[in-house]
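Chemist: Here is what each chain is made of, one letter per residue.
Protein chains: 4
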Amino acid sequence: MHVSFEVAQEIIEKAVEKSKEIGVKMCIAVLDSGGNLKSFTRMDDAWVGSIDIAIKKAKTACYFAMPSGEIGKLSVPGSPLYGIEHSNDGLITFPGGLPIVDEEGMLIGAIGVSGDTVENDHLVAQAGVNVAGVCDIPKHPWRT
Amino acid sequence: MHVSFEVAQEIIEKAVEKSKEIGVKMCIAVLDSGGNLKSFTRMDDAWVGSIDIAIKKAKTACYFAMPSGEIGKLSVPGSPLYGIEHSNDGLITFPGGLPIVDEEGMLIGAIGVSGDTVENDHLVAQAGVNVAGVCDIPKHPWRT
Amino acid sequence: MHVSFEVAQEIIEKAVEKSKEIGVKMCIAVLDSGGNLKSFTRMDDAWVGSIDIAIKKAKTACYFAMPSGEIGKLSVPGSPLYGIEHSNDGLITFPGGLPIVDEEGMLIGAIGVSGDTVENDHLVAQAGVNVAGVCDIPKHPWRT
Amino acid sequence: MHVSFEVAQEIIEKAVEKSKEIGVKMCIAVLDSGGNLKSFTRMDDAWVGSIDIAIKKAKTACYFAMPSGEIGKLSVPGSPLYGIEHSNDGLITFPGGLPIVDEEGMLIGAIGVSGDTVENDHLVAQAGVNVAGVCDIPKHPWRT
Chain S
1 MHVSFEVAQE IIEKAVEKSK EIGVKMCIAV LDSGGNLKSF TRMDDAWVGS IDIAIKKAKT
61 ACYFAMPSGE IGKLSVPGSP LYGIEHSNDG LITFPGGLPI VDEEGMLIGA IGVSGDTVEN
121 DHLVAQAGVN VAGVCDIPKH PWRT
Chain A
1 MHVSFEVAQE IIEKAVEKSK EIGVKMCIAV LDSGGNLKSF TRMDDAWVGS IDIAIKKAKT
61 ACYFAMPSGE IGKLSVPGSP LYGIEHSNDG LITFPGGLPI VDEEGMLIGA IGVSGDTVEN
121 DHLVAQAGVN VAGVCDIPKH PWRT
Chain Y
1 MHVSFEVAQE IIEKAVEKSK EIGVKMCIAV LDSGGNLKSF TRMDDAWVGS IDIAIKKAKT
61 ACYFAMPSGE IGKLSVPGSP LYGIEHSNDG LITFPGGLPI VDEEGMLIGA IGVSGDTVEN
121 DHLVAQAGVN VAGVCDIPKH PWRT
Chain B
1 MHVSFEVAQE IIEKAVEKSK EIGVKMCIAV LDSGGNLKSF TRMDDAWVGS IDIAIKKAKT
61 ACYFAMPSGE IGKLSVPGSP LYGIEHSNDG LITFPGGLPI VDEEGMLIGA IGVSGDTVEN
121 DHLVAQAGVN VAGVCDIPKH PWRT
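Chains as they are written, first to last, in UniProt numbering: chain S, 1 to 144; chain A, 1 to 144; chain Y, 1 to 144; chain B, 1 to 144.
Hints are not guaranteed to be accurate.
Intra- or inter-copy, both count: the list cannot distinguish identical chains.
List of simulated lysine to aspartate or glutamate pairs, DMTMM-like, C-alpha gap at most 20 Å [as the list claims (entries may be wrong)]:
{"#": "1", "residue 1": "K73", "residue 2": "E85"}
{"#": "2", "residue 1": "K25", "residue 2": "E104"}
{"#": "3", "residue 1": "K14", "residue 2": "D102"}
{"#": "4", "residue 1": "K25", "residue 2": "E6"}
{"#": "5", "residue 1": "K25", "residue 2": "D136"}
{"#": "6", "residue 1": "K20", "residue 2": "D89"}
{"#": "7", "residue 1": "K25", "residue 2": "E10"}
{"#": "8", "residue 1": "K20", "residue 2": "E10"}
{"#": "9", "residue 1": "K20", "residue 2": "D44"}
{"#": "10", "residue 1": "K73", "residue 2": "E119"}
{"#": "11", "residue 1": "K25", "residue 2": "D45"}
{"#": "12", "residue 1": "K73", "residue 2": "E103"}
{"#": "13", "residue 1": "K25", "residue 2": "D52"}
{"#": "14", "residue 1": "K20", "residue 2": "E119"}
Keep in mind the hints are simulated off the structure, nothing from the lab.
Taking the hints into account, I'd like the entire structure generated from these sequences.
Modeler: Below is the structure:
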């Protein structure tokens with residue numbers, strides 16, 4: 001489970017702050033380490049279609065403990081994971097989903113952001129992650 | 001669409017406050033008037049199974065602009081709406097979902113709460129509604 | 001996450017042992033505390049239809065941290081949770097699903113058993129739970 | 001149906017043994033010849049997202065009686081089976097799923113493995129298959 005109510009709220013807050021700073025309208029989802037929704041917000045005028053994408057990006061990052069965009073690199077035609085998005089009731093494999101890993105190398109949850117370019121989605125997700133941990137899997141074995 | 005980001009956040013805040021006051025752990029969902037997720041939070045130790053129930057209660061209240069429990073009274077065996085929960089990818093027809101209607105009689109969204117008895121779920125939902133409007137449909141025609 | 005590979009295997013083993021002792025053919029599922037599948041087995045000649053029921057019973061017990069049959073008592077027509085099985089992509093609310101709670105009051109997973117009478121399903125589930133904890137929520141607050 | 005409880009357990013055991021030998025964390029699923037789940041295990045720290053992928057790889061291998069990766073070669077853009085993964089509630093068409101065929105040329109089940117590179121997934125699946133049969137369809141007609 002790991003990510004707490006307070007931390008999830010703070011992650012959302014920082015992500016919204018970052019979104020305002022760069023002038024974008026985002027959907028932001030935070031999941032616990034089991035992939036279950038912990039906190040969500042949709043900023044005014046964010047696309048309705050981004051609700052599901054934000055949640056699925058976070059799920060993708062959580063389920064494989066890596067940035068959603070990394071899965072995307074491995075799943076284009078001709079790559080080893082081509083078609084992986086057909087699993088788990090749908091994955092989203094472009095950037096904007098990041099795992100949240102604590103200093104001990106423990107996966108504690110994930111964030112997913114959708115609403116603008118994938119670069120901006122990623123930027124906002126990173127701002128959220130910074131509150132609670134890192135999104136790069138540490139060198140030593142990570143755990144769930 | 002109607003319910004704004006700020007109002008949705010405030011609704012969640014008041015609902016969490018009420019939950020703490022009565023000592024319960026809740027999942028709380030706020031939808032806009034189109035039935036699309038606006039804001040969500042899961043308090044620590046709230047049941048994972050309540051995530052979907054909170055969202056579905058809010059959806060039920062929003063889709064029919066009436067308390068989820070009112071739909072429930074009409075959908076028990078022998079009643080006119082028996083089986084309605086099979087529509088709309090699943091409804092939840094017991095208390096805890098409330099529409100949010102403004103003073104002009106306009107539906108502006110809905111709240112759904114799950115995590116304790118249906119009485120407490122309703123109480124917390126009502127605390128959320130109070131922030132932004134009423135949950136009884138006014139006498140004059142309501143609109144979406 | 002909580003329930004470990006070794007413990008999950010041992011739970012399955014004891015549940016199979018109990019099934020053989022009372023002469024029944026079971027499907028047995030063990031989930032972690034996030035509701036994700038950890039271990040599963042289907043004994044020879046167990047009903048194919050019991051695969052999904054065993055998993056859904058475990059999910060039901062995990063998602064609400066109580067025996068699936070307790071949810072069932074609250075969800076018959078006229079009871080407060082009537083229709084709850086329409087949530088969470090389907091719940092199974094008759095006996096055979098049990099949460100697994102450790103001595104500290106922490107939910108660590110759940111077991112679901114299907115294949116015979118609900119009494120026998122429950123008996124086998126209980127044998128599995130005994131390996132790793134209790135299934136009654138302790139008096140002091142439980143946590144996830 | 002064919003693959004027995006004992007054999008399924010032994011397949012899982014050997015696959016786990018192989019996983020430990022090469023230092024990977026896997027989800028391993030064994031299906032009977034009807035495509036129905038027989039046995040499943042998730043090793044500690046294996047990705048949660050691999051649960052569904054392991055099962056879908058096994059399903060893919062079972063439904064078409066050939067390695068999941070072989071289907072993948074036929075389903076890339078421009079190939080005759082392009083888009084086949086949209087059938088059967090989702091297929092996974094990269095390596096890690098293998099049919100299990102006995103010496104008589106009879107399909108008796110399938111194994112699916114997910115958790116590492118597709119090469120390692122395949123290696124572990126092969127270790128499982130070796131317990132009970134072969135995964136190459138024999139020259140003479142195979143049967144289900």
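Chemist: Now look at each hint and say whether the structure bears it out.
Modeler: How the hints compare with the structure:
{"no.": "1", "hint": "K73 x E85", "in the structure": "both (12 Å within a copy, 17 Å between copies)"}
{"no.": "2", "hint": "K25 x E104", "in the structure": "between (33 Å within a copy, 19 Å between copies)"}
{"no.": "3", "hint": "K14 x D102", "in the structure": "within (18 Å within a copy, 30 Å between copies)"}
{"no.": "4", "hint": "K25 x E6", "in the structure": "between (23 Å within a copy, 14 Å between copies)"}
{"no.": "5", "hint": "K25 x D136", "in the structure": "between (26 Å within a copy, 19 Å between copies)"}
{"no.": "6", "hint": "K20 x D89", "in the structure": "neither (32 Å within a copy, 29 Å between copies)"}
{"no.": "7", "hint": "K25 x E10", "in the structure": "both (18 Å within a copy, 19 Å between copies)"}
{"no.": "8", "hint": "K20 x E10", "in the structure": "both (15 Å within a copy, 19 Å between copies)"}
{"no.": "9", "hint": "K20 x D44", "in the structure": "within (11 Å within a copy, 28 Å between copies)"}
{"no.": "10", "hint": "K73 x E119", "in the structure": "both (15 Å within a copy, 17 Å between copies)"}
{"no.": "11", "hint": "K25 x D45", "in the structure": "within (6 Å within a copy, 29 Å between copies)"}
{"no.": "12", "hint": "K73 x E103", "in the structure": "neither (26 Å within a copy, 40 Å between copies)"}
{"no.": "13", "hint": "K25 x D52", "in the structure": "within (15 Å within a copy, 25 Å between copies)"}
{"no.": "14", "hint": "K20 x E119", "in the structure": "within (15 Å within a copy, 38 Å between copies)"}
Violated hints, in rising order: 6 and 12; the structure is consistent with all others.
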